[in-house]
Structure formats: C-alpha cells, structure tokens
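**Q** Chain residues, written in single-letter form:
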Amino acid sequence: MREKIIIGLAIFAAGLLAWNMNTIFTQLPDELNQGAIYRIIYFHVPANILGMSGFGLGMLLSIGYLVTKDLRYDALAASVTEVSLVFASIGLATGSIWARIIWGVWWAWDYRLTSWLVCWLIFGGYLMLRRAVDEPIQRARFAAVVSVLGTVNAYISYKSIEWWNTQHPQPVLSIRNGGGMAPGMEAPIWWNLLALACFSAILVMVRMRQEAFAREIDTLRRMAHAQ
Amino acid sequence: MFLRQVWTVAAKDLHSELRTKEAWNASIAFSVVILLLFAFAFDPSSEQIREFGSGLLWMTYAFAGALVLNRSFARELQNDCLDALIASPVSSAALFVGKALANFTMLFAVELFSLPVFGLFYNTWPPRFAPLFLVMVLGTWALTIIGTLFSALTVNLRLRELMLPTLVYPMMIPVLIAAMTITTNVLAGNPMGFGMRFLVAFDIIFTLLAVVFVDTVLVG
Amino acid sequence: MNALEIADVWKYYGDFPALREVRLNIAPGSTLALLGRNGAGKTTLLRIIAGLSRPSRGSIKIHGSEAREQATRRRIGVLGHGIALYDELSAIENLTLFGRLYGLPDARQRADEMLERVGLARVRDGLAREFSRGMRQRLAVARAFLHDPEVLLLDEPFTALDDRAIAVLQSMIQGMRDRGRTIIMSTHQLREALELASHVALLQRGQIVHAGERTQQMLDDTGWLYRTYGEN
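Protein chains in written order, with the numbering used here: chain A, 1 to 227; chain B, 1 to 220; chain C, 1 to 232.
What the hints contain is simulated information worked out from the structure, not anything from laboratory work. The structure presented is a predicted model; accordingly, all values stated were derived computationally and were not measured. Treat the hints with caution; some may be incorrect.
[Said to hold, decoys possible] Result set (SDA-like, lysine to any residue): computed pairs, CA atoms no more than 20 Å apart in a straight line:
no. : chain 1 : residue 1 : chain 2 : residue 2
1   : C       : Lys61     : B       : Lys21
2   : A       : Lys69     : C       : Tyr13
3   : A       : Lys69     : C       : Arg57
4   : A       : Lys69     : C       : Ser53
5   : C       : Lys61     : B       : Val219
6   : A       : Lys69     : B       : Asp215
7   : A       : Lys159    : B       : Arg197
8   : B       : Lys21     : C       : Leu127
9   : A       : Lys69     : C       : Asp8
[As the list claims (entries may be wrong)] Derived coverage of chain A by chain C (criterion: at least 3 residues anywhere in the stretch with Cβ under 8 Å from a Cβ of chain C; other residues may be distant):
no. : segment
10  : 134-144
11  : 210-218
Yeah, the Cβ is synthetic: ideal placement off N, Cα and C, and Gly gets one too.
Bound-form chain A, shown alone (with noise of 0.2 Å):
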C-alpha cells in the first residue's frame, strides 16, 4: 500500500514538475528589472516554506510524542524536521545564488537571511543530537525536548533580528517588497509548492520506514546481547 502511493506520488510530482519547467522557462518571460535569474524564485520559495512548515509541524509533533510516549510521533518528527532540513538549506543555497546575481554578494545580513540562518543551526543541533544519543527512547524525549525549545527559540530570534535590524535603518533588500508579481508570474510558484511538497511527503515515508528499520535493527541487538 506504502509502496503505492509513494509510486503513485512520485509519479504525480514529477508530471507536475515537468510541467511546471516548461512554462518557468519556455513560456514565461525574464523580469524587467532581474532578467532570468529571477526564476529562482519558483524553488526558493516553495523550499523555504516547506522547511518553514515542516520545522513548526516538527515541533508539533514532538508535542505529540512527550504526550503520548509513542515512538511512531519522534520517528515522523524525526523524518519531518530532516527533510525540512533539506529544504531550509536549499533555500539558503538559491537566496544566496540569487544574491550573488542581485546584490553582487554572496550573503547579506539581511534579517529574513540571518534568522533563517539561525533556524538552520538550531535544527542542525537537532539532528546532531539524535546521533549522539543510542538508546531510542531518550533519543526521543531528548530531541523532543530540543525541537520545542529550538522552535520557540527560532520565533523570538526572528522577531528580535527583525526589531533590531529595522532599529538601524538600512536597505532591506526581499523580493516581496519588489511590488505585487504578475499574475501569470506568481501561479507557478505555488504550482511548484505543490510539487516539491509531493516529494517532501515521499522523502519523509521513505525515511519513516528507515526509522522503523533502524528501531527493529536496535530491538534486535538488544535481543541478542540480552542472555
């Protein structure tokens, strides 16, 4: 059943995908002002509101694990903050390709930049610590604890930058104060959005069954050491 809404999702996100390629580049025009580069935009923000959603459902569903004690709510936390992960660096990646063509810098320390910067060492954290600990219960509870706090900690850090950052006036170069998009321009983006979170479900049933592999792997050397 797994195995076939992850073939049927694959299928579905890839179609959509291509399709959304063709009209990226063959039907929209460049930006007046950027040129080509501003397609970046169709990956970059879709990715970052997926790691953006997904580090706050982590967090809910870490809730859902020092609840309910149920290690099946810290492996989907586990898969969901990961692949969340992957998409935060892949929005900090195209920002700072996009950067380089715009603003001629590679990073700037733009708010929106060193918050979610900030964001990304806070769940790196996370995951580190999932690897430091053997025992999969408090492998849990730890990380857990870590995702509530870390994400807590990532808002108020967002907030802060933001307040102080706009405490010293300085350009705040982002996309969205650029003026509304066309609307031709904008559909893809969310297009896009949908494509991506396709395959953000699919990387996370696939490392969901990883997590059980790995709990059964455990179970059973415990079994074995166990006389």
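Keeping the supplied structure of chain A fixed, place chains B and C upon it in accordance with the hints.
**A** Same frame as chain A, but now just chains B and C:
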C-alpha cells in the same frame, strides 16, 4: 521546602567550586585570553571600540560561560552522584533551579572579573554602572537557564563537550543580540531602549519552559 | 499494606522489553534477594523502584504511594554501583548535604552519629578524595542509611566492597531487619544473598520466573534455584 532544597543544591555546587576552583580558573583564564586575542583582531585604540566593544564583552561572557556550564552537571558524574540526587526527595525543578543559581553566581563572578580587564584593555568605561549591571544580570540569567538545561540534557552523551556548544550557542543568539545592543547604548551613555523588556520576557519564558521540561530530561 | 507493590510493570528500550509483566508484592520486614544473570533486568527494576527511571507501563507503589512522589523517595534508601559522594567535600559535609536533601531536621548531628557507626568519626573532616577505597565504601554505606529508610535498595552490594565495609554493611542490614525494615538487593553472588534473604525472586529475560520464600534447599544447594526455574 522547595526553596530550602534549591538553596542546598546551589550551596553545594558553590562550595565544591570554591574548593577546587576548576571552572573558575579555566573560565577566568579563558576570558582574559579571548579579550587579549580580540585586541589583535580589532584596533583597541580606535573610536569604533565603543560600537563593537559590547559585542566583544558578551562574546567573552558566552564563551567563558560554556566552560562553567559544561562542568555543571558533569561534576555530578563522578561516583554517580547524579543518580543519588535524582533518587533523593529533591524535585527535578528544585535541582535545576539550584544548579542554575550556582551557575549564575559563578558566571556573574567571572563577568565581574573580566569587566575591568575589558575596560583596561580597551579603555572603555561605562558612564554609569547600575544600568550595565542590570543588563548583565538579566542577560546572564538567560544564558544560564539555557545552558543549565542543555548541560543536563547532554551530560550522559558521548561527545558531551561538543554537543553542548553546538546546541547552546544558536539558542543564545536572541539574548546576545539584545544584551549587546543594550550594552552598546549603556556604554555610549544612551537610554537602554526596549531591549530590557525583551530580556525580561525571554528570562521568564525560558525559565518556565526549562522548569517544565527538566523532569523529562532527567528522569527517563 | 505491602512495603512494595509492583503491578504489571513493563520497561522498553526502544521496542525491546527489558522488563515484561513484572508483578511482585513484598511485605514489610522482608529481605528480598533479586536474582538473575547480567542483563536479566535486575538493575532496570531497581532503578524504577528507586525513582530513577519510569516504567513504560504499570505502576510501582511503596507503602501505598507512587515511586516518583517526593514523600515516597524520602522513605527509600539507595546504594548503587557508584558511591555517590563528592570527592571535594569532607565526610561530614557529604553526609550533612544528603541529610539536608532528605529533609532531616538535625542533619549534622545525624551525620556525626552515622560516621561513628561506620567507624569514620576520627576522619570526619577529611576530604572524600583522600580516603582509601574501603573508607569511601563505608562512607557510601553511611549515606544510604542516613535517613533510616523504610525500604532499602542495594544493587550488587557485595561485589566491590572490602572486608571491613562488608562487615559494616551486614551489621547495618541486620539492624534494619530487626526494626522491621524492608530490604531489596540485587546480586549474583548467591551465597551471601541467600543467607540474608527471607524471600527470593528470579528474573530471567525481564520476566519474574520465580518468586517466593527462601527455602532451606536453596541454601544447601545454591545452584538448585537456577536449575529448577531457569532455562538451563
């Protein structure tokens, strides 16, 4: 009862630390070295020192703090003392608050020591000390509360010394930003700004979260 | 009321059940020897009783109240693998500290009494770090008995102790038994344990395969218990 347990734990930690001075010596030496190294990175006689001096100061506190915090729960590992504390009638919350108070005291002492060193090296003295101490108290409590919780969380892990800074520093960023900004204002003789309210709110939120979660962390 | 009621306790490590369906009732005044091979779950069970770990399922009641409650933990004494003493504190400081943590009204006086009983009064102000191995062990025994616990948990008490510490421990245990206290000790040193025990429980792969009174037969033939109830 709760307060007496908190006090017993805090007094125990401070007493042990006064005997050995392990964390104290390491973190004092470390903070002086950092302040010295910064002097090579930036021109200490320039006028700009007023602007980024507070940043140096708080980075010194954060780095020196990691040494204090790393020892906090690690000192319970010898002879399985942590188990004895958890098995005793002291609640996890009391144990945590007690340790946090001890860490706060130690870190604050380190800060008080390195403040004149900073003033000496960089020739920067605040026009008034009271607001500076207020920021130091609020900021240090925030650093301590995060650090103590993660010290408890990482104490039994492989790679404890590596995991603690990896987890703690990103979490400290909002505190450090706020504390640095306010300290810059204070050093320049300006009003402190709304950062104080932010620090107070941060202290309250994270103290509550830590007290809620510490039992989950300590008792499996 | 039973001194200890373990009702259907399970403990998982991941999906592996380290304890399965453990049920055990112990009357006040009993001395229970918890037997089993390494990895059978003895330490896991003792840690749960001591409140150091929570059961995944089931409940533990000590004199009718839950194991993790503060009031319950005041009635339990634990002597584990580590000696649980601070090396940089003196003997009297160590004991006073734990007396305060257990809420004893006259912690220092009680600490002095205990030092007297384990024969360390002469070195009361010496740092634990400077003590010999045997002295540290006696100090650890004093710490475990400090608050006169109603239920005493001993994890492998005789393995690492030297002769004098064993003598001190045995006389303390005897004193506890005379006052109707309950003692639970895990051990794989059969002879010492069986001599002290009034009851035995045998753990195997996380399950209790036998629980009951200690019989003369067990003393006469120490292998009998494992042969009869064990797998091999």
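**Q** Would the hint linking A:Lys69 and B:Asp215 be met if the CA-CA limit is 20 Å?
**A** Holds, because 15 Å separates the two Cα atoms, which is no more than 20 Å.
**Q** Mind checking the alpha carbons of C:Lys61 and B:Lys21 for me, to see if they're no more than 20 Å apart?
**A** Roughly 43 Å separates the two Cα atoms, so the pair is violated.
**Q** What's the verdict on A:Lys69 and C:Arg57, does the C-alpha distance respect the 20 Å limit or exceed it?
**A** holds (11 Å)
**Q** B:Lys21 and C:Leu127 were given as a pair; does the straight-line alpha-carbon distance stay at or below 20 Å?
**A** Roughly 15 Å separates the two Cα atoms, so the pair holds.
**Q** Is it true that the CA of A:Lys69 sits at most 20 Å from the CA of C:Tyr13?
**A** holds (12 Å)
**Q** Counting residues of the segment 210-218 of chain A with a beta carbon closer than 8 Å to any beta carbon of chain C, are there 3 or more?
**A** This one holds; 3 residues, not fewer than the three required, reach chain C with a Cβ under 8 Å.
**Q** Does the structure keep A:Lys69 and C:Asp8 at a Cα separation of 20 Å or less?
**A** Holds, at roughly 18 Å.
**Q** Measure nothing beyond the straight line between the CA atoms of A:Lys159 and B:Arg197; if it is 20 Å or shorter, mark the hint as holding.
**A** Judged against 20 Å, a Cα distance of about 14 Å means the pair holds.
**Q** Are at least 3 residues of the segment 134-144 of chain A within less than 8 Å of chain C when you compare beta carbons?
**A** holds (count 3)
**Q** Are the Cα positions of A:Lys69 and C:Ser53 separated by 20 Å at most?
**A** This hinted pair holds, its Cα atoms lying about 14 Å apart.
**Q** Between the alpha carbons of C:Lys61 and B:Val219, is the straight-line distance 20 Å or under?
**A** holds (17 Å)
Violated hint: 1 only; the structure is consistent with all others.
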